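Residue-level listing of the chains:
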Amino acid sequence: MADAKISDSETADLEQFRNETRAWLDANCPPEMRKPVTSDTDVFWGGRNAKFSSEPQRVWFERMRDKGWTVPDWPRVYGGGGLSAAEHKVLRAEMARMGARPPLSSFGIWMLGPALLKYGNEAQKKEHLPKIAAGEIRWCQGYSEPNAGSDLASLQTRAESDGDDFVITGQKIWTSYANYADWIFCLVRTDPAAKKHDGISFILFDMASKGVSTKPILLISGYSPFCETFFDGVRVPTSHVVGTVNRGWDVAKYLLQHERAMISGMGERGVGRPLGQIAADSVGTDGQGKLDDSMLRGKIATFDVDEAALAACAERAVDLAKAGQAHPAFSSAMKYYGTELNKRRYEILMSAGGLDALEWESERSKQGARPRAWLRTKANSIEGGTSEVMLGIVAKRILDLPGA
Amino acid sequence: MALVLTEEQSMLRDSARGLISDKAPVSHLRHLRDSKDPTGFSKEFWHSFAEMGFAGLLVPEEFGGSGLGFMEAGIIMEEIGRTLMPSPFLATSVVAASALNRGGNATQKSEFLPKIASGSLLATLAIDEGAKHRPLQTSLQAVRAGNGFKLSGAKALVVDGHVADLLIVAARTAGAAGEREGLTLFLVNPAAKGVAIERTIMVDAHNAARIELANVEVTADSVLGEVDQGATLLDGVLDIGRGAVAAEMVGLSDEVFNRTVEYLKNRKQFGKLIGEFQALQHRAAELYVDIEITRAATMKALQALDADVAKAASAVAVAKARAGTTATRAVQEGVQMHGGMGMTDQFDIGFFMKRARVCEELFGDANYHTEQLAKARGY
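So the sequence lines, in the order shown, correspond to chains U and S. Using UniProt numbering, the first residue of the first sequence is number 1, and each one after it goes up by one. Using UniProt numbering, the first residue of the second sequence is number 1, and each one after it goes up by one.
Where hints are given, some of them may not hold.
[What the hints assert, rightly or not] Straight-line alpha carbon distances no greater than 25 Å define the calculated BS3-like cross-link-like pairs of lysine-lysine that follow:
#: 1; chain 1: U; residue 1: K290; chain 2: U; residue 2: K253
#: 2; chain 1: S; residue 1: K132; chain 2: U; residue 2: K290
#: 3; chain 1: S; residue 1: K150; chain 2: S; residue 2: K193
#: 4; chain 1: U; residue 1: K322; chain 2: U; residue 2: K343
#: 5; chain 1: S; residue 1: K311; chain 2: U; residue 2: K396
#: 6; chain 1: S; residue 1: K36; chain 2: S; residue 2: K23
#: 7; chain 1: U; residue 1: K118; chain 2: U; residue 2: K51
#: 8; chain 1: U; residue 1: K35; chain 2: U; residue 2: K118
#: 9; chain 1: S; residue 1: K193; chain 2: U; residue 2: K290
#: 10; chain 1: U; residue 1: K215; chain 2: U; residue 2: K378
#: 11; chain 1: U; residue 1: K126; chain 2: U; residue 2: K253
#: 12; chain 1: U; residue 1: K396; chain 2: S; residue 2: K272
#: 13; chain 1: S; residue 1: K375; chain 2: U; residue 2: K299
#: 14; chain 1: U; residue 1: K215; chain 2: U; residue 2: K299
#: 15; chain 1: U; residue 1: K253; chain 2: U; residue 2: K131
#: 16; chain 1: U; residue 1: K196; chain 2: U; residue 2: K299
#: 17; chain 1: S; residue 1: K375; chain 2: U; residue 2: K290
#: 18; chain 1: U; residue 1: K290; chain 2: U; residue 2: K51
#: 19; chain 1: U; residue 1: K51; chain 2: U; residue 2: K89
#: 20; chain 1: S; residue 1: K265; chain 2: U; residue 2: K396
#: 21; chain 1: U; residue 1: K35; chain 2: U; residue 2: K253
#: 22; chain 1: S; residue 1: K132; chain 2: S; residue 2: K375
#: 23; chain 1: U; residue 1: K126; chain 2: U; residue 2: K195
#: 24; chain 1: U; residue 1: K67; chain 2: U; residue 2: K131
#: 25; chain 1: U; residue 1: K366; chain 2: U; residue 2: K343
#: 26; chain 1: S; residue 1: K311; chain 2: U; residue 2: K89
#: 27; chain 1: U; residue 1: K299; chain 2: S; residue 2: K132
These are computed hints drawn from the structure, not numbers from a lab. Note that this is a predicted model, so its numbers are computed, not measured.
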């Protein structure tokens, strides 16, 4: 019975937190920030050269930052909100309920932050985490190389020891927004003689360092979110290594779990109206109010079932992690399903939009927002490890199937 | 509510799993089938089930039950799904107990619920009349006669119909097939004059029956809930049944999957373990993801039912639709990956395939529930 009492009072506290949070969000989230994002340029990324696309975007970011709610579950000492797991869940639910946008999009929040919290030393945490939380430094990720994509551990970028520095030489590819980033978290080979997983280090450095250059890669969507990134004798203090030298693969793997969880969750980030209603606008309805394309209607309904089920699974994955029952490779399962589902979503959106969804350059189509987004999703099942790599990880690490 | 089992729920699962896997493995169903057992389940085992409090799991404590929730009922159903144990749990302890508890008056509750809890009374819901699950298409007639009613019509796939002590029959007191208004639930004694019950041996060797009612007289006291307003009561009871069957299908899918993965790790062909082939590894991994997603959707539905049955419809539709699709895939892949062995009666996999087909039809298949979600979302 004692247990029941404790849980009753926790429930009451949580209800109070929910009410206060709801009231605060209602008072502080500008109406413009309760609408879905329509394009990449409408997302706030922070950084030294940060630009707000609108005044409401600035207001929303600053209010959330001041509460520590750009990173609600990080400790307060590092600029976070210090929320418990249960409170964080409440906050997310309340934001989702009103359709509130994330105030800050950031690889620092999604990927580097969790890795630093686990593997960083105190000086590194104090130096970098508060700046990530406040959106002062925009980070990019230096993982993939021209010959080391899904086979990441075969990367060749060298870091040679020279006194208190490493001297870094090599090339990265698919570096998202490298041309806008202030700092990079990067995998480099510090021991070429070791086995491929054992000679890699995880290192942080300023993109303004001498010897760093970037070149955008134009994609089928007409955008260049990705870059080639070149390092020509870049000097980086050895103190910038996170974790142990030559043990960077542990950090990399941990961070990849967060990246995969982030990519798998892309569907839940403010997509807006239900697909069925979007489709009804362009396709029309029959006398009973049903979509006037029964096959499309069936596809949408099946999609809705799968999306709702995935959302339950994503919620459960978080709950399992908090209960210490999560399999470390489960994010690969989520990444696989989430990205395949997101591709289905956009395929349906294109089908529902018909001819209207084909416009590429016109004001009416917001410069082809929909077809560009559709094309963008095709990379979901490639980036962060392909679907095939994810299935391989599930097969070997979760199901324990034998290696070839 | 977190989507993980609490400590108490884990203990419940462990004790149910221990009991069921020990006393009622798949060979138990095989034996009942091969011996053409007239009851179709083990009465002895049902009594030990009742003694552990499982029969009255959903019955409130004041009527002698354990007063637990749908999440707990789902835990038992999942374990039943793992061994395909035939038992009155679904029809009596989940569906009928919920119908009586939600729709019954004080007299009806105190007469029937304690007997359900003690395992001494078996009850079932008689709903579908056509080939597919269409509750609103009910056309079995109940016409007023004196102080009571006369029931005439037929029902198909009545689970445990041939051994039930109490039938809960959906009938039409007004309106036409397809309408929500005019449905009424009746408590009918299977021994009453005019009731004809034919046991139907189904593909999965579980109990079902076809029931015909010819001018069966019942008193006004036999109405469960309100006359003409049965649809809402029925919605809730059916959603509870759907959540439970989804949980059974999760257990069934998971068990087939585990057996299949074990087989992949042991069977050699072309000089290799077949589990080394990437084509099979990827299919197994996809199936694992499907099952995990379905498990989460089912837990979500059971929690929604525990929170408020009337608001759980969409979550239940998602769970039942997903469970049907996933179970079908799990048994198909299970048989395929077991190769020729999977086609033999001697191997258990075929039992799972047959049960999955029945569970898919029971209370609405994946198409039916996908359609329900589309309707609820207004497109």
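Okay, which hints does this one fail, numbers in order?
Numbers 1, 4, 5, 7, 8, 9, 14, 16, 18, 19, 21, 23, in rising order.
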